[in-house]
Amino acid sequence: MKEVRLNNGVMMPAVGYGVYQIPVEDTERCVSDALEVGYRMVDTASSYFNEKQVGDALRRSGLPREQVFVTTKLWVQDYEYDDALRAFDLSMKNLGLDYLDLYLLHKPYGNYYAAWRTVERLYKEGRVRAVGVTSFSSERLQDLFLHNEVKPMVNQLETHPFFQQGAANAFLRQEGIQHEAWAPFAEGKRGIFSNPTIEAIADRHGKTTGQVVLRWLNQRGVVVIPKSVRKERMAENLDIFDFTLSNEEMRRMSVLDTGRSPIYGDQDLPTVRGIGLHKIH
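Under the numbering used here, the residues of the sequence shown are numbered 1 to 281, in order.
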């Protein structure tokens, strides 16, 4: 498995398995299948309500703990300092782990300064190997690390051919923060799997459109966490390191960028309100 080195020296797989929107009753089976076909990173969150099933699959796999990179996330509701400590302990109990590889603040709303100071404490205590954020715009991310002790190692952003995050990618590279893509397939929107440009590139390499998208992200230095409930598709999404997109193909992919999300806008007022007030317990 190809890996990337985070700014604190921790090695992180370049491809992981995401479990967002996988039904609770299917999660253990899906994670078990993903580990069996070769994934060594699993991404979950407290707000996905499937941490326990992820942990059960990890234990059933028989893999040594240090061989699987596990990510979970702190929800906005628990962003006060003491609430965040309790939420972390609950996540660890659900996962059945005694340390975490990556802990992320899930959204840039609420009292994320207090939450980050909790995350810093967990990191300094060695309970978390790496820390980061999700969906933080570059200005909020910069403001966060300028006024705290620990610089985030990862920013997980919606990133795919229709929303390429070019400026954010450049900023993250400049600051030594790893860019990770959530929704690398745009949640299937805008006909991504039948897009003529991506299909033509895929045909040239004897690959699928999904593999081209993941390889394109990989070549931009972006870590990916694709989701699938089908074992054969899981294996396919992992098989992206035996071909390379040319400069011309990368340019053709760049033309697909619309500069906006087809899923939701992080600065859209109803979205911000809905996320900020959403309770998970």
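By construction, these hints were calculated from the structure, which means they are not laboratory data. It should be emphasised that the depicted structure is a prediction, and the values quoted were computed from it without experimental measurement. Check the hints yourself; a few may be wrong.
[Stated by the list, open to error] Cross-link-like lysine-lysine pairs, in silico, PhoX-like; alpha carbons within 20 angstroms at most:
#1 Lys207 to Lys52
#2 Lys52 to Lys93
#3 Lys151 to Lys124
#4 Lys231 to Lys207
#5 Lys2 to Lys151
[Said to hold, decoys possible] Label pairs and their in silico Cβ distance ranges:
#6 Glu248 to Pro23: 20 to 30 angstroms
#7 Gly276 to Glu139: 17 to 27 angstroms
#8 Gly276 to Gln21: 40 to 50 angstroms
#9 Gly126 to Pro262: 11 to 21 angstroms
#10 Ser194 to Tyr264: 17 to 27 angstroms
For every residue, glycine included, the Cβ atom is placed at its ideal position computed from N, Cα and C.
What hints, given by number in increasing order, does this structure fail? 1, 5, 6, 8 and 9
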